[in-house]
Each structure stands twice: as structure tokens, then as C-alpha cells.
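Taken in sequence, the protein lines are chains P and L.
Just so we're aligned: 372 in numbering that gives the first Met the number 0 is position 373 of the first sequence, and the numbers increase by one with no gaps anywhere.
Just so we're aligned: 24 in numbering that gives the first Met the number 0 is position 25 of the second sequence, and the numbers increase by one with no gaps anywhere.
Hints are computed from structural coordinates only; laboratory data are not their basis.
All of these numbers come straight from a predicted model, not from anything done at the bench.
Where is the CB? At the ideal position from N, CA and C, for every residue including glycine.
Hints should not be assumed to be uniformly reliable.
[What the hints assert, rightly or not] Mimicking DSS-like on lysine-lysine, the simulated pairs with C-alpha atoms at most 30 Å apart in a straight line are:
(1) L:Lys109 to P:Lys709
(2) P:Lys165 to P:Lys49
(3) P:Lys33 to L:Lys109
(4) L:Lys139 to P:Lys33
(5) P:Lys709 to L:Lys142
(6) P:Lys449 to L:Lys16
[Claimed, not checked] Example chain P residues on the side facing chain L (calculated, C-beta under 7 Å, incomplete):
(7) Pro150
(8) Ile154
(9) Ile672
(10) Leu711
[Unchecked claim] Far from chain L, some chain P residues (derived; all Cβ distances over 10 Å):
(11) Met21
(12) Ala25
(13) Thr133
(14) Pro206
(15) Gln237
(16) Glu407
(17) Asn660
(18) Gln674
(19) Asn705
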Amino acid sequence: MSKNYKTVNVKTPSIDGKGIMMGRPAYTEDLAPKDALVIKVLRSPHAFAKIESIDTQKASELPGVEIVLTHKDFKRNAYTRAGQGYPEPSPHDKFPLDNYVRYVGDEVAAVAAVDEETALEALDLIEVEYKKLTPVLDFEKAKENESIIHPEEDIYEMFPIGFDPKKNVAAAYSMEVGDVEKTLKESDVVVEDSFYTQAQAHVMLEPHTVNAQIDYQDRLVLYSATQTPFHVRRILSQTLEIPLSKIRVIKPRVGGGFGGKQALHGEMLAAAVTKRTGKPSKLTYTRKEVFESSCTRHPMRIDMKIGATKDGKITGIDCYGLSDTGAYGEHALTVFMVTGSKVLPLYNKVDSVRFHGDVVYTNTVSSGAYRGYGAIQGNYALESIVDMLAEKLNMDPMELRQKNMILENETSPIFEIMGEGTEGTAMNMDSCKLDYCVKRGMELIDYKNKYPRRKTDGAKVRSIGGAIAMQGSGIPYIDMGAAIIKLNDDGFYNLMVGATEIGQGSDTILAQIAAEQLGVDVSKVVVYSSDTDLTPFDPGAYASSTTYVSGNAVLKAAKEMRSMVVKEAARSLEVDIDDIEFDGTTFRVKNQEDTLSLSDLSNRLYYNEDQKQLVATGSYYGTKSPPPFMAGFVEVEVDLETGEYDILEYVSVVDCGTTINPELARGQVEGGIVQGLGMAVTEDVHYAKNGKLISSDMLNYKIPTNLTLKKLTTEFADSYEESGPYGAKSVGEIGIDTPPAAIANAVYNATGVRIKTLPVTPEKILKGLKEKEI
Amino acid sequence: MKVNTTINGMKRILDVKPDEYLLDTLRRHNYLSVRRGCDTTSCGVCTILIDDKPVPSCAFLSVRAEGKRITTVEGIPKEAEKLSEHFGATGADQCGFCNPGIALSVYALKKSQKKVTAETLKHYLTGHLCRCTGYQSQHKAIKEYLGDSNE
Chain P
0 MSKNYKTVNV KTPSIDGKGI MMGRPAYTED LAPKDALVIK VLRSPHAFAK
50 IESIDTQKAS ELPGVEIVLT HKDFKRNAYT RAGQGYPEPS PHDKFPLDNY
100 VRYVGDEVAA VAAVDEETAL EALDLIEVEY KKLTPVLDFE KAKENESIIH
150 PEEDIYEMFP IGFDPKKNVA AAYSMEVGDV EKTLKESDVV VEDSFYTQAQ
200 AHVMLEPHTV NAQIDYQDRL VLYSATQTPF HVRRILSQTL EIPLSKIRVI
250 KPRVGGGFGG KQALHGEMLA AAVTKRTGKP SKLTYTRKEV FESSCTRHPM
300 RIDMKIGATK DGKITGIDCY GLSDTGAYGE HALTVFMVTG SKVLPLYNKV
350 DSVRFHGDVV YTNTVSSGAY RGYGAIQGNY ALESIVDMLA EKLNMDPMEL
400 RQKNMILENE TSPIFEIMGE GTEGTAMNMD SCKLDYCVKR GMELIDYKNK
450 YPRRKTDGAK VRSIGGAIAM QGSGIPYIDM GAAIIKLNDD GFYNLMVGAT
500 EIGQGSDTIL AQIAAEQLGV DVSKVVVYSS DTDLTPFDPG AYASSTTYVS
550 GNAVLKAAKE MRSMVVKEAA RSLEVDIDDI EFDGTTFRVK NQEDTLSLSD
600 LSNRLYYNED QKQLVATGSY YGTKSPPPFM AGFVEVEVDL ETGEYDILEY
650 VSVVDCGTTI NPELARGQVE GGIVQGLGMA VTEDVHYAKN GKLISSDMLN
700 YKIPTNLTLK KLTTEFADSY EESGPYGAKS VGEIGIDTPP AAIANAVYNA
750 TGVRIKTLPV TPEKILKGLK EKEI
Chain L
0 MKVNTTINGM KRILDVKPDE YLLDTLRRHN YLSVRRGCDT TSCGVCTILI
50 DDKPVPSCAF LSVRAEGKRI TTVEGIPKEA EKLSEHFGAT GADQCGFCNP
100 GIALSVYALK KSQKKVTAET LKHYLTGHLC RCTGYQSQHK AIKEYLGDSN
150 E
């Protein structure tokens, strides 16, 4: 839909790109006081153990050591690091420090010292006696295992989530529409299989970092590389029993998050150190700690069973999931529910559909939020089995999708049944160009000529694979975002948002939304995010919510500011409001010569007459969560002799409504695609038999590099979401969902080998090829 | 130990420990564009130029900097600004944690006047990991920046 916008949907460079490229101090560690105590954490060498005794005397006596903290120093207030709205849907099953350690890398004690060397030396002096317990390392054997990972009594769920720690169950969920067993029994064709996904690591380049200090008003001030400053403040207050009003959390520039910084990591210990010592402190995770002791994507087993009529109408989908939340239950239920709620509605014409399963504890690195959470796991399973079904039906897989997928103005009963941790919200697909995305994607990848495979030279085969996906735009009725706009003298604005810029460009696109409504250049909107003292509330950067939820809040505030300045101009020009015409910089009186510039008006309001400060606010929460959609296609070239393959091109056609900033939206999609390709292709997770993570550095855990793929082709569908700001939906996560299934489908089309455990490695392909020969 | 160096054109005598790496020395002296990303010389965010050649400062002992010319992105503001304009045009600047390191590497390439193709440029940049962009927008921007030295 072409609208005559001046800043929205117009090529606009990031407002902060120059300063960042020039290396100006901006990130959390850059802002740490020079005299900050350095915090180092003693971490568990055992996958599961009880701390029988812990002696910190020698460490405390080491010159330069300021404080040593163990579980004995904390009141037992159970909390969750998840970083979600309140009440939290994740179990409160973690303590700042505990007398149990539940995975290799779990926190045992913390030391704060004058420098890193001293802190590390002190860690060696802490004497811990562990009673080793039998760890649960296989998540398929976790439920009702005799080894109970959380035997403590003082942990709890805030509302029913299926929490049953005595059975190693962090959460459970079940829903059914119709009678799926009956439907599948009566279906002409049924396909079923199990799919496994791995514990992908975020690998944002800036590690988890926090600085703490006490300010001159005796308040605790944290600078944190977080996606959720307001949740951090609330969780610290509740857990450490510091009044909320005595804590300020500032989020400086953040070097990537992808969900990993939704949770609290170093904040609890840094806050505790500074609160007790009164001295500034800092805690920066090493890369090993980021891998070993933060969180990962939830590994899952997904059992899919799908039925269809002979002519290719999908009749029913039965999906059982088993999710591994690791040592703590962060996002246990919410990630799991998304595996159903943002995946199964893709095929909304089924007679019945079921989604059920458990989220279990294991003695491994905790799972948590990660871009596309739940959806990418479910998408891999569903979009693999749809290709398998197509083969059995002797039908083209894209034709099968086109026949059964969700279309504009349609709905799915799942939207009403499943939300994130709670019931969902019924909604129609008021904007859904998935049909266009599929059609256009097929053109771009040249599906007609290239599907399914072509022999190239020697043992090499080129093939195509595809998948479709959907996401959401925020969590309706739960997550509220807000904005404040202030008029300055000389006629420029401040935009204060709690929305959390973490590198995705939210400051820029929110400035564009405000500028569009206010009729000014983006440079006239100075953005500040986020600071619990200075900016209004926002849940933070997660759940694909910023463009849609925070963007709507900004739009509301800008509309209010616009009407405020018009009212003041009318007063100044002594005419009715209705007689004022305003283009953003100049007020004109209808049919008269009189004009007034915004700059003059603002100076008048500051210094001369009718003096006042104009401030407008806007708050917004979604009453629905309009999904962005996409179709993804990949062309690969597989060497049948070695199983190795090259990714020649990835085509994405995305419906995210209006792209507020087309280049940044492309950046979100392309960045998501390549992260998804990482999960699909190279990002393998290895544990030793004792539960120690082996893939705990960038040499052993391989994220995509400059050489991972040859070409990305990304286009956007012409789409307009009526409820979104200037027609926009969100775009942060949708890109990550399709690569695992698209790669698995392409590799199958090349080789006849169906890879059902991610990542799709040459070794697995070759093994499959050898087995076929036998 | 004292080390005589030139940092961004200014002669400096640094007081360093024998086992200290240049990354830590430089951050201690407020060259904050030099960052720690991985500890295994894998990611490239600690890149600096030593005598105009890109080097991961996390693996370069400070004592080895004796008599060397060190450049951080703070020392090439005009080039960084130019590159940022190209990044802005292609939407390549996301979190930006890796940008100063990339700026130094591509500046060194430009200064060396070596001719590169799209493919050799990709190989040249493999030491710079980026988790945000998917790389393609960076390549476009860098090719524009290299301008004449690009084939």
C-alpha cells in the first residue's frame, strides 16, 4: 500500500551509526568507574552437587579482596532470571547463590577485589567441599528420574504452569481442538516422525556486562547490558529486598542481545557487592562464561504426526513436545507454548490439532529466551514433516502449503487458546500476504526450473528447499510500552522511550515514527533509551514487540504533542484551533498571511508568554498480536561423496506490514536468516560425559562467518497492518525461523537423506547416504 | 615495564606488566573502541593496527609493542566517519560492537592499495565475526568505501 510518507518507509540511516563506528565510549564496560571493584565468580566443576561446606577465610584475607559472597550471605528469596512481565510465568527456582549447584558453571561464590588478578587469585583460595549427586544429563530421561534437580521446598510457581519439581518438570501444557486421534485415524495419509533441536548459543559479541555504584542520593545505580531494564529493577528489588525507589537501572548502548540479555546475569551479584560495600563494582562475563553460564535456546524433541486427504487437504496435526530447560526454568512454559502457538496456526484449515508436552529440568546450562523462541524449534519439525507429507501424497510441497496455509482475513482457534504462559487472544489475520510471499519467493529462487534438484559437476547436486513461518507482534494485554515527547526551545523534540535499543535500530525507527507524525526531519527528534529514572516504562526488547507496541505508544505521544503545539499556536495567533494549518515547522492561519514558526512558538513558550513546558505521553498495549509472515527458500550444492554442502542463495520474502525503515528491516531479516542458518548448519553443542560443556568458546562453537553463504535475497511484501503504527508489524524474529527446515528439505531433495536432528552436518548426511547404499 | 610506542600518532610510554596483552593496556589507557569479544582470537572486535597491519590485540603482548605504531579507530576519525556513511546507507550498522575493528581492517586494506574482488574481500574479512547483520550489507558498504581499490 503506497502512502505518501516523508520519513516512515523512507531510507534513513541509523541515528547512532557514526558515533558507534568512531568508537565513542557507549557500551556498559566503557562507562565503568575506573576504581570499580572487579567481580569474579567461582563456578561449579560438577554437574550436580550439594555444597557441604565453604570456607572463604583465606580468600577474604588476601590483600586487595573487598568481599567474598556465598549462599550464606543471602536471604533465601527464590526468583527467576527470565526477565518477564509480572506475575512471571517462569518458576521461581533460583537463588542469588545457593547451597546446591545444578550444572557445570553454576555460581558457587563471588569475589570482589581491586583488580582482576586479585579476584582470580582469591577464587582459588575458596575451599569448597561438594557432595556429588547423580546428574540428569539426558532430557528424555529427566521426567520422574530418581535424581531430583530441585529438591528444595522454597521454590514456587506464581500461577499454575504445570510446575512439578519433584518430577523434574518445570512446566507442562496441553491443548486440543477437535479430536485429533480420530481425525488422523480417518485420514487417507498419515506421516509421523520425531525431530531434535539443539541448545543454540546467542553469541552476541558484547558479553554480559554490568556496573554498579551508589550515587550521591544513596541510591543503587546499575549500568547493564540488558534488554529489560525495568524488569531488572523489579527483580533486584524483590530478591535483594531493596525498595524499588532506591534502584536505578540504565541501559547504555548494547552490543547485541537476541534474547540472551532478556534475562538477568551479572546484575544480582554486582548489586549485592555494591550494596554491601558501598563501592562501585563491575562484572563482565568471559566468553566462556557466556557459553557455559548464561543461557541457550531450549533443546527439544518434537513428535509430529500429520494427516491429509488423498487430494492434499491437511486434516489434523498432533504435536508432542519435550523441552529441556536445563538447570533453571527460565521461559520454560512460554517458549514451549510458542512452539505451538506461532507454528501450528500456519495450517489453519485442519479439523483438529493437538499440542502437548513437558518442559523438564536437566543438569545442563539453563535454557532461556532466544530470538524466535519456540517457533524455530516447532517450525523445523512442522515444515520438515509437511515436505515428507507432500512426498507421500506425490504432490509438490509448495503446492501443498499453498493449499493449506493461513490467508488474509482467516483465523485459527489456536490464537484464542494459546498465549504466552496464559490464554491467548482471538484475532483475524487482517494483514497476511503469505500467499504472495510464497509465490514471489518461488520466482526469486527460480523454483520452476531448479526444484527439486539438478546434477552439476561430478558428484555435486544442487537442490532447493523451502519453508514458511509466522511470528507475533508483542504479547497482547500483557506488555505495555510507553513514550514521552518533550518540546524544546528552537523547536526540536526529545523522545524518551523505555523501549530498549540493543542494536536492532529501535531508537532510529521510533524517531522516524515520531518525526512522521510531527512533520519534522528525524534529526529534530532526539531519542533517549532507556533508564528507569528518566524514561517511561517498557517491557523491553523481546517478543517482537518494539515496532508494534512501543511504536504505537510513540505514535500516540506524537499525535498528542502535535495537537498541543497547534493549540498553543492558535492561542499565540489568536485564532481558533480549526483555523491553523501546520506542516510540522510552520503554523499558517487559513486564508490569511499570518504565520508562526515552531521555533518561535517554542521560544515563546520557554521565555516570553504563556510559558509552559509541553510534554506528551503515550502508552500502548496490544489487543492482538498481528503476525509477520515469511517464505524462505534455500539453494544448496551438496557433494554426494563427502556430504559437504555450500549454501548458494537464501531467498526471503517477508510480510511485516510497512517497513518503517526498509534497510534496518532488511537487516533484521538477513541477520535472523544467518543466525537461523547457524543453527541449521554449524552451531553444534557438545557436552562431555560429566556434563561439562565442550563447545564453550568460538573455536568449538562455530557461528556463521563471511564465507557461510554466497547470497542473500530479501524482499518485502506490500502489506499494511491497520492496527500498527503506519501499518507496521514487528520484524525482529521472523527471519530466524525458516532456515533449519529449508536446509533440511533442500538436503533431502539433493540426497534423499532426511536429517531429523539439528544441525544438518556433512557427517550426518554422509552417514545417511552410506545407510541408503546398504 | 616501560614500552615506547606511538598510538594514533602520539608518542606514548606505557607502563605494562610482562604478561599483559595490548587489549588490556589500551583499554586501561582509555582507548575504549578496542574491545574484548572472545579470548580466542576468533571474533575480531579487539582488532588494532600495528604498523598499519590488522592484529588481534587480545593475543599481542604489550611488551612486543616496543617501537611500534599502534592505530585504533580513535586515530582514524575521518575514515571511520566515511565508512559509517556507507554502513548507514546499506543498513549495516546494528549493534556496532564489531564496527571499529572492521573499520581498521578495511582502512588498512584501502591504504595498502591492494586490489580485491568480492570473493577475496570476503576472505579478507573472515576474522571479523558479526552476529547481527548476516554480513551482506557490510560487504556492500565496504565495497563502496573501498571505491577505487575495488576491482
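The hints, checked one at a time:
no., hint, verdict
1, L:Lys109 to P:Lys709, "holds (23 Å)"
2, P:Lys165 to P:Lys49, "holds (17 Å)"
3, P:Lys33 to L:Lys109, "violated (36 Å)"
4, L:Lys139 to P:Lys33, "violated (39 Å)"
5, P:Lys709 to L:Lys142, "holds (16 Å)"
6, P:Lys449 to L:Lys16, "violated (60 Å)"
7, Pro150, "violated (36 Å)"
8, Ile154, "violated (33 Å)"
9, Ile672, "holds (6 Å)"
10, Leu711, "holds (5 Å)"
11, Met21, "violated (5 Å)"
12, Ala25, "violated (8 Å)"
13, Thr133, "holds (32 Å)"
14, Pro206, "violated (7 Å)"
15, Gln237, "holds (30 Å)"
16, Glu407, "holds (28 Å)"
17, Asn660, "violated (8 Å)"
18, Gln674, "violated (7 Å)"
19, Asn705, "violated (5 Å)"
The structure shown violates the earlier hints numbered 3, 4, 6, 7, 8, 11, 12, 14, 17, 18 and 19.
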